[in-house]
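Participant: Could you slot chains B, C, D, E and F onto chain A? The hints should help.
Protein chains in written order, with numbering that gives the first Met the number 0: chain A, 0 to 249; chain B, 0 to 249; chain C, 0 to 249; chain D, 0 to 249; chain E, 0 to 249; chain F, 0 to 249.
Derived from the structure by calculation, the hints contain no laboratory data. Every residue gets a Cβ at the ideal spot worked out from N, C-alpha and C, and that includes glycine. Incorrect hints may appear among the rest.
Stated by the list, open to error - Simulated DEER-style distance windows between Cβ atoms:
1) C/H128 with F/K155: 24 to 34 Å
2) A/T102 with E/K180: 29 to 39 Å
3) C/H128 with F/D16: 31 to 41 Å
4) C/H128 with E/D228: 56 to 66 Å
5) C/G100 with A/I53: 46 to 56 Å
6) B/P129 with E/D16: 36 to 46 Å
7) C/L131 with B/R52: 29 to 39 Å
8) F/G240 with C/R15: 28 to 38 Å
9) D/E151 with C/G55: 39 to 49 Å
10) C/P190 with F/R127: 34 to 44 Å
11) A/T102 with C/L131: 22 to 32 Å
12) F/P190 with A/P129: 41 to 51 Å
6 protein chains.
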Amino acid sequence: MKLAHATWPDVEALPRDVVVLIPTGSLEQHGPHLPLFTDSLLVTAVAEAVEARIPGQVLLTPTLWLGASGHHLAFAGTLSASFPGYQSNLEDVVESLRRHGFTKFFVVNGHGGNTEPNGVALRTLKERHPELVIGHAGYFEFAADTAARVMEGPLKHIRHACEAEASLALHVFPELVRTDKLRDDGLIPEPSAKGMIFTFDEMTEQGSLGYATLATAEKGRQIFEAAVDGVTAQIEALASGIVLKGLPPS
Amino acid sequence: MKLAHATWPDVEALPRDVVVLIPTGSLEQHGPHLPLFTDSLLVTAVAEAVEARIPGQVLLTPTLWLGASGHHLAFAGTLSASFPGYQSNLEDVVESLRRHGFTKFFVVNGHGGNTEPNGVALRTLKERHPELVIGHAGYFEFAADTAARVMEGPLKHIRHACEAEASLALHVFPELVRTDKLRDDGLIPEPSAKGMIFTFDEMTEQGSLGYATLATAEKGRQIFEAAVDGVTAQIEALASGIVLKGLPPS
Amino acid sequence: MKLAHATWPDVEALPRDVVVLIPTGSLEQHGPHLPLFTDSLLVTAVAEAVEARIPGQVLLTPTLWLGASGHHLAFAGTLSASFPGYQSNLEDVVESLRRHGFTKFFVVNGHGGNTEPNGVALRTLKERHPELVIGHAGYFEFAADTAARVMEGPLKHIRHACEAEASLALHVFPELVRTDKLRDDGLIPEPSAKGMIFTFDEMTEQGSLGYATLATAEKGRQIFEAAVDGVTAQIEALASGIVLKGLPPS
Amino acid sequence: MKLAHATWPDVEALPRDVVVLIPTGSLEQHGPHLPLFTDSLLVTAVAEAVEARIPGQVLLTPTLWLGASGHHLAFAGTLSASFPGYQSNLEDVVESLRRHGFTKFFVVNGHGGNTEPNGVALRTLKERHPELVIGHAGYFEFAADTAARVMEGPLKHIRHACEAEASLALHVFPELVRTDKLRDDGLIPEPSAKGMIFTFDEMTEQGSLGYATLATAEKGRQIFEAAVDGVTAQIEALASGIVLKGLPPS
Amino acid sequence: MKLAHATWPDVEALPRDVVVLIPTGSLEQHGPHLPLFTDSLLVTAVAEAVEARIPGQVLLTPTLWLGASGHHLAFAGTLSASFPGYQSNLEDVVESLRRHGFTKFFVVNGHGGNTEPNGVALRTLKERHPELVIGHAGYFEFAADTAARVMEGPLKHIRHACEAEASLALHVFPELVRTDKLRDDGLIPEPSAKGMIFTFDEMTEQGSLGYATLATAEKGRQIFEAAVDGVTAQIEALASGIVLKGLPPS
Amino acid sequence: MKLAHATWPDVEALPRDVVVLIPTGSLEQHGPHLPLFTDSLLVTAVAEAVEARIPGQVLLTPTLWLGASGHHLAFAGTLSASFPGYQSNLEDVVESLRRHGFTKFFVVNGHGGNTEPNGVALRTLKERHPELVIGHAGYFEFAADTAARVMEGPLKHIRHACEAEASLALHVFPELVRTDKLRDDGLIPEPSAKGMIFTFDEMTEQGSLGYATLATAEKGRQIFEAAVDGVTAQIEALASGIVLKGLPPS
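One chain only, chain A, in its complex shape (with noise of 0.2 Å):
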């Protein structure tokens, strides 16, 4: 069920153990070539996907599309919310449908900034209340390996308005693709180092990260396919009821 166009008794009649599904997007640059809600329209379209394929064991909210975004605010146009107030949206989402009796949450992540203060809120919800069922991860990992599969350039892992972003962009609103614009960018440190915090002035050009110009429709919609089947199962997991039992023998 989709919050937004339920009514409050529709809400009420729900059972209280369907999974909460809540995208967390973004607002920011993404190159010449794809609009600034880009994150933000694919997450959306993921959890939608997913909603409209068991729609029963999901109440899926609205996205939370101010994201924590300071690493692009050198490029114009972008947003970024401070992380204090990132995560307390996310905390009175969570907060608020936990007072109507739901217990089973989970966040399907559109952008890579968003994932440190969701790991903070959420764990700070599952501190508080440690009856609560949380999960949450990027829609993007669960399609890590049919990317590795399509991408064509050298780079394999899917980054910031790369081949396999473009790709989904223009498998899911090709109209919003400047396609003239397609380019590839990004630079990549020497020595290689672990866990630098870079801003995307510092390590691009023009703000995308990655092999654009390859991007095609096909290789977005089996990128999207993985994502959509990704959340699902895992909705379908936590709606089902996640057992934890022992270790095998060592």
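Facilitator: Structure of chains B, C, D, E and F alone, referenced to chain A:
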């Protein structure tokens, strides 16, 4: 221009005296007849109509849909932001665009409960950055006269899920209105008292306040047009520049 | 009863259905003719007159005099609380007295800039403690009709350091009014715009807004009495109990 | 100069090396014999006497009367600010006047519970603005020797609602003292322990600590004068400029 | 250089391009066999070994030992910082040293629960001060391959109080390991689910996760050396300067 | 018992009336002769000596070493926590152990700058949990008389990096004292003023205050023993139970 669909070079190319238009909504119970997203859907429709009329003077952001709705939390499905979290989002949107060089902001609000925190957040910004030009008003304030004229019930002000709001819903998203559930509802304090802070479960039986059974799409159309006219005029005033002039002689 | 002058056993002995009356003021510039403490002095005088009339129904706290006055900070001497700090104080006063068993609160405000943070703070309290009965209004709201009637200048609303407020000052603390400095002041936006957030140095030359040269103590007396009458009636309504009754039929 | 009664041009005309004097008080239980506002009334009286002596060297603000009184909340009528809210107010007063160009601040405190948060708030300000000259002390610290001399009971330190404080009350606001309710009260820890944090309901039977039955107005007069002398000397030192000089040789 | 043992003139004399190394740990339950301080002891040992190897390139701070351990609070003795408090500390360390002129920072983490708040805190700092060079990683990330190679049990990742961590403990502080209490422990979710947020009392019987009975000091030595090698290389990369270079052609 | 070296079953097995002992220190400049970690090293040594004497009555936590040292930030190497961050840590340690059932807490402080925020944090906890038994004091308060007796220089109070503190350092960690850099330092305000908030770069030439050249290890030993005796007695008082008894008759 719609910020969501623009690329960063599109925004970079904009003149910096366009007016940033920020809609604020809610996801909260609207009685058994209107969807939870009513406020967000209506204010978005108004803002998009304004943008469609004068696209060159406006930079329209997506709607901040998670509103301050604590007074509706007794009804299932309602989501409410904390006041600090809500205000933080609005401040962050303005701060981000200020960083990109924009100086004129207008917040069009679709939910009464946001009025006060909008004021606090925007005054905070004005104190921090006195050079900004900032305004805010509910879309319904621009339509108050029209609404009073077209409403047939004894209540002549736009209230929650009432004759006027249900009419707007029938005009803007008729497919989401449960016409079989339209109902009159609401209680009135005796003796009359100023400034009382009631929750909606204290003030109503099923969450709406007024004579929704009298709603029609045509009334909604007239109220909607008045709102669009009013917000458009406001944006044009900000875009062209508001000048402060002396009082008339006493 | 005045809380300040009571001992704790006096408060312990009170019935818990008396109405706690909390005045909120400011210390901010009021033009060259009125003292910085004008708002606090006036709202305190109104509140004390109410307490003197119906002492058994009221528990009057001292005035929260440090208001939200950021829009006046360009003028020397103005003090302004941050919004969170201001709101925290109001919340703490209510929380403290709630702990002592009181459940009915009315905030009488003497400074326009406090209206929104008062609303945010009191709604926060109501959400936390739905059983509380809470109201708030400016004393000037109760005197609006009288003020409009007695004011001779072209401006008929009570504004900052204007004909009405200067009249009140001449009635309540004439010794602090610089009658030789009374002056008309203030600018008006063209085109007219709704909800603009101006600072007082943008809107005035010397900090006041209206026709203070027309002020008289007799006008002040009438406005003052109207305010005291209005607040008294409000307190009596809360003390006797406000009942919510059904709407008239459509 | 009293800030409350000044106009903004009065403040504008002040030399910026006057010392801003900020009294901090409380509204908290003071046993069955003293009013809740005792601390605020006493510190205000001291501060006003200082201002009356050296008006040209002082800019006196109104008293921040809502103190940190959580340890008295078990007694009816006590109001307590949260520490962050309390500190925020003090910071805001200094920040506002700093903006107007003042650089010397002295906080005269009338309530022991404010000492630590005053220190934290003022050190925060000093770290943010190292150029400020800031000091703070309880008025009672300046009167400690006199109090020890005039007190007849076995307790020689100024404590809560004790012989000394009740004497001050009899000197400053005799009409508010319930002389028929004066009582000795208070418990002492065994074994003696340093730095214990007790609440007043743990430490007293009725909220006072010491030998209030021995209070007289004459003792109060002497203690009061010592406090005024001490604060005056402090303000004069700040006004004339404190110089740091080398240690004596070892 | 160890910051703790230096004097201020020692630090003043340092070149400002040394890398500040900040270890983050925890004090939390580690099963019946390892001490509560395990994470802090291990990360400190790694960091000190790095400092001993390249003392001229490192400024090593003491370990921030109070970690984010809310998911372990069901076990006695665990201490947990709130996320904002934890993050505040890390920010304050960096801000203090930034004030002294240092610009390169690397956080070596010893506790998985700190990873996300470290990321949030460091990204906050990077947004505020884009000129800083900041990185962070768990020491265990540098030892993952070695650990997978030396571990004999079916679990090949470093987990909580597991074969690898117990081995490290036997290498670094054997006197604190309760070898008689070593035990295998831990539950696995079925169906497998991504990104679930479990507490350790949900996931384990006695607080550890993996095959601790297989731990040996020699395995620990190898894992430890790999971690020290990895962190050392990282520091050297930061010290010499990381350069961003173009992607290879597609 | 030392919490750091215990396992969770060790803590689980403890009687809940042991006294939790929490040392608080700093990392801040101590002149050219003492290391930055002086306060933390000294307070840890005192606390460990206390634990060694009465291990069954104490649960000793690691030292909260990141202190409130803003007044030393002008000297290189000093780290300072913000007050809210510092207080949050102390609150979190107590809250965590309270959750595990402990009710008696004593904070032994090694840095004057922590005294006020310790007070604020602990009073916050006491207000939230009135059933807790909480105390705090500087270790130096217990050694004041001994220090005054053994100090030969004209300054008889324990100050920053002075004769007493340098003596303690020579007793506890002589290998870290730069005996060739011992120096007398410090300025004194004229006229004498109460409660002034100075930074150490205002008050000293090189960061110390007093006659460090007179320091000896033997003086340090005597002061140290007095501190350990005093804290031990305090813990024993809390462990056995402090009783409140009536005042002596007047």
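Participant: Next, verify each hint and record whether it holds.
Facilitator: Evaluated hints:
{"no.": "1", "hint": "C/H128 with F/K155: 24 to 34 Å", "in the structure": "54 Å, violated"}
{"no.": "2", "hint": "A/T102 with E/K180: 29 to 39 Å", "in the structure": "35 Å, holds"}
{"no.": "3", "hint": "C/H128 with F/D16: 31 to 41 Å", "in the structure": "36 Å, holds"}
{"no.": "4", "hint": "C/H128 with E/D228: 56 to 66 Å", "in the structure": "58 Å, holds"}
{"no.": "5", "hint": "C/G100 with A/I53: 46 to 56 Å", "in the structure": "51 Å, holds"}
{"no.": "6", "hint": "B/P129 with E/D16: 36 to 46 Å", "in the structure": "40 Å, holds"}
{"no.": "7", "hint": "C/L131 with B/R52: 29 to 39 Å", "in the structure": "45 Å, violated"}
{"no.": "8", "hint": "F/G240 with C/R15: 28 to 38 Å", "in the structure": "37 Å, holds"}
{"no.": "9", "hint": "D/E151 with C/G55: 39 to 49 Å", "in the structure": "40 Å, holds"}
{"no.": "10", "hint": "C/P190 with F/R127: 34 to 44 Å", "in the structure": "54 Å, violated"}
{"no.": "11", "hint": "A/T102 with C/L131: 22 to 32 Å", "in the structure": "29 Å, holds"}
{"no.": "12", "hint": "F/P190 with A/P129: 41 to 51 Å", "in the structure": "60 Å, violated"}
Hint compliance for this structure: hints 1, 7, 10, 12 are not met, and every other hint is.
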